[in-house]
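Visitor: Residues per chain are reported as follows:
Number of protein chains: 2
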Amino acid sequence: MTELLRREPRIISAGLRPLADAAAAQAARVTRVDWKPPMAGTQEHLVPVLSDRRRAAANELAVGRMLGSRAHLVDVLPARDAVGLRTGEFLHAGPPIDWERASGPLRGALMGAGVLEGIAAGPDAVAEVAARGGITLAPCHSRHAVGPMAGVVSPSMWMFVLEDAATGQRAYCSLNEGLGRVLRYGAYSPEVLDRLRWMSAVLGPLLQAAVRRNGPLGITAILAQMVQMGDEAHNRNRSGTLMLLRDLLPAMLESGFGSADVGRAAAFIGGNDHFFLNLAMPACKLAMDAARDVPGSTLVVAMARNGTDFGIQVSGTRDQWFTAPALVPAGLYLGSYGPGDANPDIGDSAITETAGLGGFAMAAAPAIARLVGGTAADALATTARMREITLAEHPRFQIPALEFRGTPAGIDVTLVARTGILPQINTGMAGRVAGTGQVGAGLVTPPAEIFTAALRALAQAVG
Amino acid sequence: MTELLRREPRIISAGLRPLADAAAAQAARVTRVDWKPPMAGTQEHLVPVLSDRRRAAANELAVGRMLGSRAHLVDVLPARDAVGLRTGEFLHAGPPIDWERASGPLRGALMGAGVLEGIAAGPDAVAEVAARGGITLAPCHSRHAVGPMAGVVSPSMWMFVLEDAATGQRAYCSLNEGLGRVLRYGAYSPEVLDRLRWMSAVLGPLLQAAVRRNGPLGITAILAQMVQMGDEAHNRNRSGTLMLLRDLLPAMLESGFGSADVGRAAAFIGGNDHFFLNLAMPACKLAMDAARDVPGSTLVVAMARNGTDFGIQVSGTRDQWFTAPALVPAGLYLGSYGPGDANPDIGDSAITETAGLGGFAMAAAPAIARLVGGTAADALATTARMREITLAEHPRFQIPALEFRGTPAGIDVTLVARTGILPQINTGMAGRVAGTGQVGAGLVTPPAEIFTAALRALAQAVG
Chain D
1254 MTELLRREPR IISAGLRPLA DAAAAQAARV TRVDWKPPMA GTQEHLVPVL SDRRRAAANE
1314 LAVGRMLGSR AHLVDVLPAR DAVGLRTGEF LHAGPPIDWE RASGPLRGAL MGAGVLEGIA
1374 AGPDAVAEVA ARGGITLAPC HSRHAVGPMA GVVSPSMWMF VLEDAATGQR AYCSLNEGLG
1434 RVLRYGAYSP EVLDRLRWMS AVLGPLLQAA VRRNGPLGIT AILAQMVQMG DEAHNRNRSG
1494 TLMLLRDLLP AMLESGFGSA DVGRAAAFIG GNDHFFLNLA MPACKLAMDA ARDVPGSTLV
1554 VAMARNGTDF GIQVSGTRDQ WFTAPALVPA GLYLGSYGPG DANPDIGDSA ITETAGLGGF
1614 AMAAAPAIAR LVGGTAADAL ATTARMREIT LAEHPRFQIP ALEFRGTPAG IDVTLVARTG
1674 ILPQINTGMA GRVAGTGQVG AGLVTPPAEI FTAALRALAQ AVG
Chain W
1254 MTELLRREPR IISAGLRPLA DAAAAQAARV TRVDWKPPMA GTQEHLVPVL SDRRRAAANE
1314 LAVGRMLGSR AHLVDVLPAR DAVGLRTGEF LHAGPPIDWE RASGPLRGAL MGAGVLEGIA
1374 AGPDAVAEVA ARGGITLAPC HSRHAVGPMA GVVSPSMWMF VLEDAATGQR AYCSLNEGLG
1434 RVLRYGAYSP EVLDRLRWMS AVLGPLLQAA VRRNGPLGIT AILAQMVQMG DEAHNRNRSG
1494 TLMLLRDLLP AMLESGFGSA DVGRAAAFIG GNDHFFLNLA MPACKLAMDA ARDVPGSTLV
1554 VAMARNGTDF GIQVSGTRDQ WFTAPALVPA GLYLGSYGPG DANPDIGDSA ITETAGLGGF
1614 AMAAAPAIAR LVGGTAADAL ATTARMREIT LAEHPRFQIP ALEFRGTPAG IDVTLVARTG
1674 ILPQINTGMA GRVAGTGQVG AGLVTPPAEI FTAALRALAQ AVG
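Residue numbers (my numbering), protein chains in the order written: chain D, 1254 to 1716; chain W, 1254 to 1716.
If you are wondering where the hints come from, they were derived from the structure by calculation, not from laboratory data.
The model shown is predicted, which means the values in this text are computed figures rather than measured ones.
Positions of the beta carbon are idealized from the N, C-alpha and C atoms, including for glycine.
Where hints are given, some of them may not hold.
From the structure, some residues in chain D lie toward chain W, with a derived Cβ separation under 8 Å [unchecked claim]: (1) Gln-1481; (2) Arg-1491; (3) Leu-1498.
Rough simulated footprint, nothing fancy, chain W against chain D, three-plus residues with beta-carbon under 8 Å [as the list claims (entries may be wrong)]: (4) 1516-1522; (5) 1625-1636; (6) 1650-1658.
Excised from the complex, chain D in its bound form:
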C-alpha cells in the first residue's frame, strides 16, 4: 500500500465522465474506457438472450447463409405473374398499414397506381375508393418483394425476378422510374403515369426478352464491383447502373425489339443513376431471406418503413414485425424544399443496410456526402461505428480504401441494445403531401424502441 502511494497513480475510468475529468484536472493521467450502460429498457431482457445457449451457433448459421447468398437476375415479369397480385391488390413498403394511417407519399403512390389499374378515373376518386376500404394492401415483404420509398406495386407493373443460386429462393422488385416526380415518391401527375405506362408496355417486355436471351446475370457480383467504384448501393448506384447496361446491352440488341425502343430503353436506364437500386434491393432481400427463421438467432433480417412506422424483423422471431413511429431524416433538400416538407422515413430500401451496404458501406462511397450531407471523414466513421453492431465483415463487399476490408454486415439486436448504437441509414426524402415527389436526401436511424421490443420478444422465445 505504501508502495502504491509512492508511485504516480494510474487511473482507468469507465463510464462516468465527471470522475475522470476531476482526476485529469489534478494532472493525473487518466485512461478513459468508452463504456456506456445498455440501451434503456433492455437490461432485463439482455441477460436471458445473451445467455441463450443457442445464440452463437444460430447467429453463425444465419450469418453464414446471408453471406453465402448469390443473387442473379433471372427474369422480368408483370407483378400479376411475379407475385400473384390481383386487380385491387397493391403492395407497399414497410410493415403492414391501412389507408387510414398511410402517409402522404404512400397515399399519393396508391392514388397514381389506382388510376393506372383503372380502380377509378382520377387520383382523388381512387382515394375515395381506398377510404371506403375498396383496395387491399399488403407489405412487399409479405410477398418476397421489396419496394423503394412508397414501394407501391400494382398488378400491371413489371418486376425484376432475382434468384439466389445458393438457396433457389426468389425475390422481386419493381423497375426504377428515375428521380424527382415519380410514383415511388408519391407523385401521380399525368407525366408520372405516362412513364409507368411506357415502362409496362415497352421497358418491361424488352428487359424480359433481354434477360431471357442473356441468361442469369450475377447481381451480387455487380454489387461487389460497385463497392470498389464509389457506390454504396442505396443512394449511389452509378457504376451498378452502368454495368447493368453494359451487360444487358448485347441481348437487348438481339431481343427483336426495334432500335428506337432499344435506344429509348438504353437512354432511360443510362440516364438514371439509381436504376440499379431496384436490383440491389432484391439481391439484399435474398441474402436476408436466406438468414430467416433460425431459432435463437438475434440477426435483423429486415428493416423497412411505410412512411408512418419503422419496422424490423429478426431471424429468431419469424415474421413478427417490431414497429414504432418512423423518424424524419436530416439531410440536404432539393430546390426550395425544407425540413417542414419532408415525410418521415419511408421505403424498403433499408434492406441494403440490413445486408451490409448503404449507410454501412459509406466508407466505400465518400462522394455520397454531396447528396446526404456530412464529410468523407463522417463516411469512414459511420462504417467504423457500424462494426460495433454487426456480426461479420462481408467477404464480397470489400472497401479498397480500407485495404479491402469487408463492410460491416449482419445487425445483431443484442449488440444494438448493448451499445445503444443505432443502424445508420442513408435515404431519399419524400414530400409529406401526397403528389409532391422527392424533396431531398439524408441520414436517419430506426427508432430505438423497436430494438427494445425485438429483444423482449427474443427473451420470451428463450422461454
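Fit chain W to the supplied structure of chain D, relying on the hints for placement.
Guide: Relative to chain D, chain W alone:
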C-alpha cells in the same frame, strides 16, 4: 545566455540525422525538419532558374491554361486523314528513336503494323525492310498525338479526334484494342491483325457515325466523374469506359449500322475496361499542349517513353526532349512472367500523370493496388508525395476520400530538383521480346537525370 542555459534546450534539426539522434539519445526534445539537399547536379542551375523573374507569372499562365482545358471527342478518323500519315510512315510513343535502337515491343508493333499496311508479307519481312531504312518513324507527340505502350499508329488505323473548347487545339489517339496479346504491347499474331482490321473496317466508321450524330462529347467531364468512381484514368478506366458506352450508345443505335455490328462494337467496348484510356490520354495531351511554349515556365508538358528512352518536354524550352534510359517498372506479373521478361518503361500514357491523373490520382483509386502492387495506404501516400512537386490542385479532378481536394497537377522541374522526389507513374509492362504482349503492370519513375538536363536547359534559357 545564462537564461538560455537554465531552460530545457529546444533543438530543431534540419538534414543530418546523426546529430538529431545524438541529442534525442540524451533525452532532449528534437523537432526534425524533413530537409534534403537538392538533387545531385542541380545546385548550379537551380539558382538562376529559381531567381528568374519571369518564372512565377510564366508558371501561373501555363498552369492556368492546363487547368482550363476542356476536351471533347469531336470525330473519329483514319490516321491518314487525322494526322496526315502516308504509307510507310509510322508514329510511335515517346521521344524520337530509330529502328536500330528500338526495343522489342516497339519493333513488334511496327512489324504488325507493317503487315497491316502491306509494307511486306510477314512480320519478319517488315523487320528487314525497317532495318534497311525502308520505313519512316516519328513520335506521336510530333503530330499532336499520343499512343499507349508502343504507341504505333499506321495510316489505316482509326483515331479519336479531341478538341479543346478553351483553345480550339486538337489531339489524336488510336482506338484501344483491349489487353493481353495486342499490337501496342508488341504482339503481331494473326488474331492481333484480324482485330485491327475489324477495328478499321467496322469499329472506327461506326464510332465516327455515332460521334458525328451525337455531337461533341465532354471527355474532361467524364474524367472528373471517374476520379469519383475509383478510376485514376491510366491503369483503371472502368467507369470511364462505361460512361462512354452509355453516352455514345443512343447515337450508335441511330448510326445506320446493323444491330449485329452495333452489338459487337458495344460488347468490344464494354468488354475492355481500358477502352477509355485512349480518350483520357488525348484529353491530357490537350491540357498539356495548352500549357506549352510559355517562356520562363518550368512546367513539364510531356513525359513519354519509347521503350528505350524516357523523355520529357518543358513549357519554357519548346519542343526540346530531355532523355535518358527508361527504367523497368516494379510490380505484379501475369501468369508465369517475371522481372526478366519485362521491357523498360514504354508509352505516351504518362501524359496522364503529367496532367494530374494516373499515379498522381492514386488516392482516388486505391483498388489499383490489386493491379500494380502496394496498399491503399501507399496510394494515399503517393498522391500526398506528388503534392511536393506540383504547382496546383486540379479543380475538376476532386478526390472524395480527401474531402474533394483536387489531385496534384502540374509537375515543376525546380520542385523535382529541389526535393529529389520523382513523378510516380503506374503503367502496364510489355514483354521485352517482340511479339510477346503484356507481361504485367507496376510502378515506375522517370530517370532522375532528365530533370537535371531540363533544369540546365532552363538555366541557359534565362541567359
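Visitor: Work down the list of hints and note, for each, if the structure agrees.
Guide: Right, here's what the structure says about each hint:
The beta carbon of Gln-1481 of chain D comes within 5 Å of a beta carbon in chain W, closer than 8 Å, and the hint placing it at the interface holds. A hinted interface residue such as Arg-1491 of chain D counts as satisfied when its beta carbon comes closer than 8 Å to some beta carbon of chain W; here the least separation is about 7 Å, so the hint holds. The interface hint given for Leu-1498 of chain D holds, since its Cβ lies 6 Å from the closest Cβ of chain W, which is under the 8 Å cut-off. Only residues whose C-beta sits within less than 8 Å of a C-beta in chain W count toward coverage, and the segment 1516-1522 of chain D has 3 of them, enough to reach three; the restraint holds.
Proximity of the segment 1625-1636 of chain D to chain W, defined as three or more residues with a beta carbon under 8 Å from a beta carbon of that chain, is established by the 3 residues found. Judged by the Cβ-Cβ criterion of 8 Å, the segment 1650-1658 of chain D is covered by chain W as claimed, because 5 of its residues qualify and three suffice.
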